[in-house]
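Asks: Sequence:
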Amino acid sequence: MNKLVAKRDEIRVAIADRMGLGSLQTLSSAQTADVDREADQEIAKCRAAIKRENTYPEATDLAPFQRLLVDYCRLEREENGPEDGDATEGFGARH
Numbered sequence: 008m009n010k011l012v013a014k015r016d017e018i019r020v021a022i023a024d025r026m027g028l029g030s031l032q033t034l035s036s037a038q039t040a041d042v043d044r045e046a047d048q049e050i051a052k053c054r055a056a057i058k059r060e061n062t063y064p065e066a067t068d069l070a071p072f073q074r075l076l077v078d079y080c081r082l083e084r085e086e087n088g089p090e091d092g093d094a095t096e097g098f099g100a101r102h
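To convert, take the position in the sequence shown, counting from 1, and add 7; that gives this note's numbering.
Read the hints as simulated data drawn from the structure, not as lab findings. Fair warning: there could be bad hints in the mix.
Here are the in silico distance ranges between beta carbons for each label pair [what the hints assert, rightly or not]: (1) Leu28 with Ala56: 24 to 30 Å; (2) Ser36 with Glu85: 17 to 23 Å; (3) Asp16 with Pro89: 23 to 29 Å.
All C-beta atoms, glycine included, are put in the ideal place defined by N, C-alpha and C.
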């Protein structure tokens, strides 16, 4: 399993836990869809915040779930390259 898929699964587990649903393996298809939709929304919000700030937040400043999201976004960028509209080549570096 690649790192990006594994990190997304960690996010999904955290969301299912936060929703009080228990293990991903025991969810109905509707619950799985809810978890996936929530994961997509949280990842999109994280991407937007990183793009807006043009930097990744310090891990020490984040709650564990936020850290998972930032780690996912960082891995995604490493694997897929920069998104259109990244302001600088140094996107993600602390300035």
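Asks: Of all the hints given earlier, name the ones this structure violates by number, lowest first.
Replies: 2
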